[in-house]
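Enquirer: Put chain B on the given structure of chain A with help from the hints.
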Amino acid sequence: MARNSQASSKSLFTAELIVPAIGDAFRKLNPKELIRNPVMFTTAVVALLLTVLLVVGQDGLGIGFKLQLVIWLWLTVLFGTFAEALAEGRGKAQAASLRATKAELTAKRVKGAIDSGVVEDVPASALRKDDVVLVQTGDLIPSDGEVIAGVASVNEAAITGESAPVIREAGGDRSAVTAGTRVISDEIRVKVTVNPGQGFLDRMIALVEGAERQKTPNEIALTLLLVGLTIIFLIAVGTIPAFATYAGGSIPVSILAALLITLIPTTIAALLSAIGIAGMDRLVRFNVLAKSGRAVEAAGDIDVLLLDKTGTITIGDRQATEFRPVGGIDVRELAEAALLASLADETPEGRSIVVLAREKFGLDLAALPAGAEVIPFTAQTRISGVDTGGRVVQKGAVQAILKANPGAGSTAAATELRRITDEIARAGGTPLAVAVDGTLLGAIFLKDIVKAGIRERFGELRAMGIRTVMITGDNPLTASSIAAEAGVDDFLAEATPEDKLALIRKEQQGGRLVAMCGDGTNDAPALAQADVGVAMNTGTQAAREAGNMVDLDSDPTKLIEVVGLGKQLLMTRGALTTFSVANDVAKYFAIIPAMFVALYPGLGVLNVMGLGTPESAILSAIIFNALIIPLLVPLALKGVKYKPMGAGPLLARNLAIYGLGGLLAPFLGIKLIDLAVNGIGLA
Amino acid sequence: MTFQGWLLIAVFTGILLALVKPIGLWLFALYEGRRTPLHVLLGPVERGFYRLSGIDPDEDQSWRRYAVHMLIFNAALMLLTYAVLRAQALLPLNPLGFGAVSEHLAFNTAISFGANTNWQSYAGESTMSNLSQMLGLTIHNFLSAATGIALAFALFRGFARRSATGIGNFWADVTRVTLYLLLPLSIVLAVFYIASGVPQTLAGSVDIATLEGAKQTLALGPVASQEAIKMLGTNGGGFFNANSAHPFENPTALTDLVQMLSIFAIGVGLTYCFGKAVGNTRQGWAILAAMMTLFLAGTTIAYWQEAAGNPVLHGLGLPGGNMEGKEVRFGIAASSLFSVITTAASCGAVNAMHDSFTALGGMIPLFNMQLGEVVIGGVGAGIYGFLLFAILAVFVAGLMVGRTPEYVGKKIESREVKLSVLAIAVLPLCILGMSAVASIIPAGLAGPLNKGPHGFSEILYAFTSAVANNGSAFAGLTANTPFYNGMLGVAMWIGRFFIIIPMLAVAGGLAAKKHTPESAGSFPTTGLLWTGLLIGIVLIVGGLTFLPSLALGPIADHLAMIRGQLF
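Respectively, the protein sequence lines represent chains A and B. Position 647 (the first sequence) corresponds to 647 in the UniProt record's numbering; numbering is contiguous. Position 433 (the second sequence) corresponds to 433 in the UniProt record's numbering; numbering is contiguous.
Among the clues, some could well be false.
[To be verified] To be clear about the criterion: a stretch of chain A counts as covered by chain B if any three or more of its residues have a C-beta under 8 Å from a C-beta of chain B, and this derived list gives those stretches: (1) 34-41; (2) 193-201; (3) 299-313; (4) 362-368; (5) 594-605.
[Said to hold, decoys possible] Derived, one-sided and incomplete: chain A residues facing chain B with beta-carbon distance under 7 Å: (6) Gly465; (7) Asn475; (8) Leu501.
For the record, the hints were derived by calculation from the structure and aren't laboratory data. Keep in mind that this is a model prediction, so the values were computed, not measured. Idealized CB from N, CA, C, for every residue including glycine.
Bound conformation, chain A alone (with noise of 0.2 Å):
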């Protein structure tokens, strides 16, 4: 998050940015264009009202007067329209060095069977699905597809900025390739999953660049009810000279013109789009590609957090912390023979256990004897180890061994294997047993290391009213000591895929809404159940298709801050509309007393900030209003602060701000704008 908001305060208000925007400013005043917003596009009709009456118009108003209005209520427009521009501008930015590296793209495409030498060059644009392309060293790969054969590193920085290589391999979970990302060793085949104009990297251009922004549901509301505040306000002043012919007098169009604008709610109006789409840049920026903006809103409304315990709780990988031994047995023998059986196993875990009979009984066997045979992992056995021709050292799961071992089953060292056994999982730990030509020696104790600070992360989720479930393959003992350690709220034990979907359907059931991130071809289901799924980037192309999200850094831990984004993104809707309607207070009182004290005299009273004439009191509120655009233009775009707490707490702070400051801002603002206006004599 901190790089993240470092990153857009530099690259706000560039001039690169800037210049382009206030061109596409004007352009956006295409009535077409305009009109999906009805609060601007009712702004702009009253403003070339007020710019035809200026010509043909007589109410006794002064011209300088007059035209001062019209100028101020174009630029009410503008500052909408730029708003939006500036909010565009940076996604097309980054737009443009995408589209840069998809045209670059060239395939050689696999001729005859998959397997066969015959390529032939194609431009990119040509493959189809089910194409299979060959992609060497050095190549840039040149559509989304699957490895089907072979084993490369490949970097992705083009599509995450992350330059370290990442292996993608056919088979297993890490198949999917991204269409502009290059090979840098070895080579694969790739089958092409999508037609042109489909692939990842259109999908990403048309997003940053906002082709594709479809108004959110919570946007629609709001759009409603700006339109429905827009008609009663017309209906409040579309009344008024009615009203002033009974009380003998009329008013001039320009300023009943001035009162609309003024009470209808611009301001929103006017950043509601550029806060949707700096929402979806904020997200962008943090390597998360949301499908839909829908998704992102959805992630503000999460319930339920579904996280994955390895890698997102604890560290990925166990370490080993203590030698139990069984039986009588002395400790440094047990360590001594788990050693031996690890030294060939390269698994993060299997190194820990080395370093650990190292520094703590300083064994210093660096290699196998010569003539060993190391017993090999197997999914089926579950055990590895090493034959030294004399002795057979053995280490795995403990049911396994002991299964391997149908002798030692029934010894008392069993049993007290047992009990330590469970010892270690109520422990959170997971164990693994050692045994020596059928003889139990004891267990190692493997410890998950559960991720630092995870724990008041969960807290601050705990308050916003977000629950917290762990999944894992763990037995549910071990589990519950890590679920009590990390500080989640739930955990699911032993979970398959099968259970991960149902425990979703359970919760909406209820009402709530689940996020969860997965990468597996088997998490597609849950991914797609799921309201927010976020995909891990280096997971299946299934996984990838199945979430609404994906995440360019494949960091599960983020599913935390992607709820954050959609928070901020609803509260900064909210505050600045809260902020708008606030505002008409004060307008109200700058513009009736103006309006009508030449009806009856006394209603001067009402004049409470003082404002120096009618007109200047006119002027001020609809340079106000034009004003508070720009000036909330970095706020919209940033988001409003926010920080983890309760719904409470949180609109208690909010309401101070945006809406006892929406109260009170203008009356401040009015006031010095007059000021300025009477001291240099516009009105």
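Expert: Relative to chain A, chain B alone:
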């Protein structure tokens, strides 16, 4: 202002708050269709009604069906009233031999009573026969009130039900509310009024000799029975033209207090019932707190202004508060309080003439109505109107907690926003639009008796009262003309049913939604913050719209008065 005056306001508020829970619980039993102690006696009557009319009270109606049945029922009743009034001369129970009511007056009156407004363009004692009063008018006093409460129940069900298709049964709701609530309470109140000296007779009038020996004819009739439901159902249509200022309608200080309490009784009870319905009574109390704050603020301003009196008269050596148009029996405090209650609650009964209030004192009743009759409001109508504001308040501010806005477990989305805005916009559209028309065309300008801003206030008040379904008159406006009878009739119709239809649509949509369980992240809709927010939204969205018109009416009037100019 006097200690006694404040004591009255305090006593009234105290008794009212004590009534909230018992009445709310009784309403909740009716809302749920549970048995009440009265079922022993009235259960067979209820079942008899269903059997006679072939209604299945357990049929769950969709919002559309509920709306259509409600409309047919109300339209039929209005036609009946129109027919009775037009044929009055031919019908029995007409001791004073009144002729037929004119077409435009009958049109206006039928809608007026059907829409729970009870705007009266006529003087009852010299226009309506006893049959017209009892059959044509009192029937609406019961059934339009029952309709309002039924509609509130329908909206409550929208919030309370989960993934449901129906919002209850209109016929069952109306029957139960009438039989188990309005009828028994009215009987008790009528007996109390009779004991207090309110006439209840079918005789037309009585001649008495005055102290000077002259003969005076006093109109009589079945007053007590009508008086009871007039208040309880926030109807407000008096038997006599002077309404509750008339000693036969409101003879004592005690009847005055009871009348004020009975105006608010069901309205406040419904807030509690809402809380029970959605499973959290604090939700109901929060709404009541917002309503009571607005009410007490209005009462304070009105009482203060009336007690301060008219500086022009002070200058003439006539000190004291403003007693013009008030009954000496009640005085300033009771009259100010009554005026705020009757306009806050869409009742429209008066015990003093609002036209004679000081400018700002008279603006409070006007403003109460312009808020949409949501400060306690009409029976049923007040709470459903207020809930529409609550939906807007949740939507405007709810996003600020970073979630899709929710209210009592239901997500507030574009459909709810659209329909709520639609319903709320009806009020300014009709009030301001029609006032604008009346203030420029000759037929409209012929109405007000006063000139200047005060005359404008009279027009504005009439349309506000009609659209908001209040029915109180500012007086000072000659309304029994084809123009005003017609326009006000339409205004009352739109003001009632054009809000109900979108409101029922909201209810239907909400009922179909899933329930979102409350969490620490949910927008808090109980507590002070929420109450303050509700008040803010009601004032800004509901009230600010009328500021220009208020500035040209009562505010200009008041400021002119300070400068010594009267209208």
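Enquirer: Taking the least C-beta to C-beta distance, is asparagine 475 of chain A closer than 7 Å to chain B?
Expert: violated, 30 Å
Enquirer: Do at least three Cβ atoms from the segment 299-313 of chain A come closer than 8 Å to Cβ atoms of chain B?
Expert: holds (count 3)
Enquirer: Okay, the segment 594-605 of chain A and chain B, do three or more residues pass the C-beta test at under 8 Å?
Expert: With 7 residues closer than 8 Å to chain B, the segment 594-605 of chain A meets the three-residue bar; holds.
Enquirer: Confirm or reject the coverage of the segment 34-41 of chain A by chain B under the rule of 3 or more residues with a beta carbon closer than 8 Å to the chain's beta carbons.
Expert: Since 0 is below three, the answer is violated.
Enquirer: Just to be careful: measuring from the Cβ of leucine 501 of chain A to every Cβ in chain B, is the smallest value less than 7 Å?
Expert: violated, 19 Å
Enquirer: Would you say the segment 362-368 of chain A counts as covered by chain B, given the rule of at least 3 residues with C-beta under 8 Å?
Expert: violated (count 0)
Enquirer: Under a C-beta cut-off of less than 8 Å, do 3 or more residues of the segment 193-201 of chain A approach chain B closely enough to confirm the stated coverage?
Expert: Check failed, 0 qualifying residues.
Enquirer: Does the closest beta carbon of chain B sit nearer than 7 Å to the beta carbon of glycine 465 of chain A?
Expert: Result: holds, 2 Å to nearest chain B Cβ.
Consistency note: the structure conflicts with the earlier hints numbered 1, 2, 4, 7 and 8.
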